[in-house]
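Residue numbers (my numbering), protein chains in the order written: chain W, 1 to 451; chain Z, 1 to 460.
There may be inaccurate statements among the hints.
[Stated by the list, open to error] Keeping only pairs whose Cα atoms sit at most 27 angstroms apart, straight-line, the calculated BS3-like set for lysine-lysine is: (1) W:Lys360 <-> Z:Lys267; (2) W:Lys421 <-> W:Lys360; (3) Z:Lys458 <-> W:Lys264.
[Claimed, not checked] Heads up, incomplete: computed chain Z residues facing chain W, CB under 7 angstroms, no partners named: (4) Asp261; (5) Leu265; (6) Arg293.
None of these hints come from the bench; they were simulated from the model.
We put the beta carbon where it would ideally sit given N, CA and C, even for glycine.
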Amino acid sequence: MRDSLPPSIIRRPALLVAAALCLPAIATAAMSRGFDRLLEAVVRIDVREIEFADGARRFTGGIGSGVIISNDGVILTNAHVASPQAVEISVTLASLERVGAKLVGWDHWTDLAVLRLDLDEVKRRKLSFTAAEFGDSDALFPGETVFAVGTPFGLTRTLTRGIISNNRRPFEDTHGVRGYETGLFNNWLQTDAAINPGNSGGPLVTEDGRVVGINSRAYIGAENLGFAIPSNVARRVSGELVRHGAITRSYIGLVPGVLQDLEKFYALAVNTGLLVNGVDPGSPAARAGLRPGDVVLTLNGQKLDGRFPEQLPPIQQSIAILPVGATVQLSVKRGSQTLALTLQTEKLVSRVGEEWAFEKWGLSVRKVTRTYAREHQLADDTGVLVLGVQPGYPAAEAGLEHGDIITKVGNEQVTELDRLKQVYRAYEASPAPQLVEAQRDRRISLYVLKP
Amino acid sequence: MNPFRPWLVLLLLATVPLRGATLPELFQERLKSVVEVEFFIQSEIDRQPVMVLGTVIDDQGTIILPGPSIQPTVAPGQLKEFKVYRAGNTEPTRAEYLGQDAFTGWHFIRVEPKLRGELVPITRWPAMKSAPALSEELWGIGLRGKDEDFLPYFLLSRVATVMKLPQETAICGSDVAGPGLPVFNTAGEFAGLALPSFGQNYLLFSRNQHGNPIMLVNVEESSAVQLAAEVLPYLHRVPETATGRPLPWFGAYGLQPMDPDVAKLLKLENQSGVVLSDIAAGTPAEQAGLRDRDIVLAIDGAPLPRLKPDRVVAGYFGQQLLLHRPGETIHLTVLRGGERREVKVTLGSEPKLVREADRHYFDRLGVTVREFLYADAISMRVAPSEQKGVVAHFLKPGGPAATAGLRPEDWIREIDGTEITGYQQALDLLHAVEVDKERSEVVFLVGRGAETAVIRVKLI
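Input sequences plus hints: build the corresponding full structure.
Written as structure tokens, this is what we have:
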């Protein structure tokens, strides 16, 4: 299934224009005042951003939607619409006025990003806007009527109507948001309201205009299988992003599997247990001795029930919200034994590290993170991953390729991206050949970057 | 009398090929050195027929086949019913498989005595004393398939270039012989053996696509010829065992060429080298004190040659090692941190290979499991001392294990919650599962890269 899922609405969400042009056509749809207010809060977002592909730093553009959620100009959108690589964000209000905005923070795990309107500009130009209101996504029932607001394929002011098809759809993707992980910690709303490229970041609302979800992705090529982040998740995440600019989560390295039908095999009491499908090497769970095939019965005294896929994200979330370094007590069933394991959580780190381009080398890189190193069984997180090289430039001429991990340049171990930046600055000041050590599949090769 | 006549005769004598034979005559004669060989690779559920070309190398009916004829993971026991056919003759003669030589890569077979009198070893023909000159004409033999009665045909081309890859190889302008068959000069001297064909780069244009680069490989003929000097000295390397043992073991799994720019920067102008890495604990290389990033510059006092492309030197080094036997000592000159040092390595014996591993097929589960090998530990990045579990070697398509999501090369670490510590234990457990008709499922814990998964196989 996952393979058939294109990055949906990700890269270049088409035009979405505020659907709040006080539309006479909609009036006939017997819309409530709440709905009018909602339409006034929907915005279009134009993003100019940097991309570090093919050995260069390039500017690209993207367009998406968003919804204003507070009177001080906080806008909620998708992480795949606005990320830290954005250099310029411009927001088109319902009044067709364009205002600048800044990224407050993003969270690829929930595919949410928060922007703030340039309030000085709003004041100076005497502009006005409305904030939408949240509804309670937990109160949604399958079959409830919902509307998606957005600009699919550039068709402005498009409202689509459907129902909640499922209010607890698990959806996990290790590369889903710009190559970042997503969906591990929350279930999604599934709707048959038509969601197409361009709907990204726009709200999913009930008939009274309350935001119950942020439209995020759809199966392309399927008929009306769209997905939205529940508003209760969005509310919590946006609040934290406004306060701290980022979300800190706890990590223990347990990869759960569904226990579905395996209770008998593990001789478990009914409706109990979380199957450990994998344990990340070197993670707190691994160090504590947790093993794949174990069944976790309780976590800090709480009984776990992970029989079905949709039961896993809430369990993951219950670990993620613990303070980093918190102690976790697990009661684990292994064969006929029951073990008590204690471990301390670590900070959750993405497998995608900071990206950069060294333009005179024609080399774009991404820092190896702890998570990437574990995933690829590297000794540690030293090094940068080559994202791309520009043909004809020193890196390409030296023979470096996408996928190589540069561990040393000159005498400098590349433990941090900054160390490579230092070497590069020295090279810029006085270009001289640099010896580069890189590995691919644990095999070490030497290269020379020549001016 | 015409005074010029005797001169004319002399002139004719000088230009007529050796022993006075014409090309058609030479062709007919040399045909006795070539055969087509048919065999089957027996797998768990089917047998795959293979047809390859071979060259006769001695009077005992020994025939060599190109290395790539058989995948390295195929166990000798899976090779069945070798049959030898002569050019233009559909009468099969049985042969036995002798094994593969690690250095040359050739597979050796020996045909039954009754055919031996009909064959002439390649060593019977005179060999060229030196490499063919650029533009020199070479010719060779091709053989059609079984349905065309192994009809022989004549191929002719000219030498375009001679390269060290690392063996000296002549590349002809066009196809010159069937892969694995001999090539001669116009005097009928043995010039070398045709290698499996190199790929040719082409652009593929179609109605709505611009030229897409593709590579074409001719499987019936080849233009690459390994020269006689690289063939004749190694014909005696008839394997002692079907698995090709004894095999030396060095134990550095990363052998990367040092490119000329790197050499220049390290002030090693005009030197060639191999960068060592991925040296596992307990290997001969590690015990000799070699470390990751050591650059090998010479072996037994002989500097590594500069070869083109650069990467060929790694293959050269690997092959030099294969010329030794386990227990022999080699002397390496390595560069470590700018300093040269001499390192003595006593080669070990290659750990058990996939083709030698014990394996067993379980029909009800639809899976073949094999022993966990040293090479598995290397590829799965675990300490070789922690060799546990078994490996899923083959999965019957659509079988219960494949349907449940088990994949080839999965590392089976637990069966029904029992940790697997040895091959026999895994066999016993799986055998018990197979015979227990009441059984409806079996649960595997498998490793795959850095991930693990619990896989439940439903039995039918």
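Cross-check of the supplied hints:
As the CA atoms of lysine 360 (chain W) and lysine 267 (chain Z) are separated by approximately 25 angstroms, the hinted pair is consistent with the 27 angstroms bound. A hinted pair counts as satisfied when its Cα atoms are at most 27 angstroms apart, and lysine 421 (chain W) with lysine 360 (chain W) qualifies at roughly 12 angstroms. A C-alpha spacing of about 14 angstroms is found between lysine 458 (chain Z) and lysine 264 (chain W), which places the hinted pair at or below 27 angstroms, so the restraint holds. Hint on aspartate 261 (chain Z) holds. Least Cβ distance to chain W is approximately 4 angstroms, under the 7 angstroms limit.
The criterion of a C-beta within 7 angstroms of any C-beta in chain W is met by leucine 265 (chain Z), whose closest approach is roughly 5 angstroms, and the hint holds. For arginine 293 (chain Z), the interface hint holds, since its Cβ comes within 7 angstroms of a Cβ in chain W; the closest pair sits about 6 angstroms apart.
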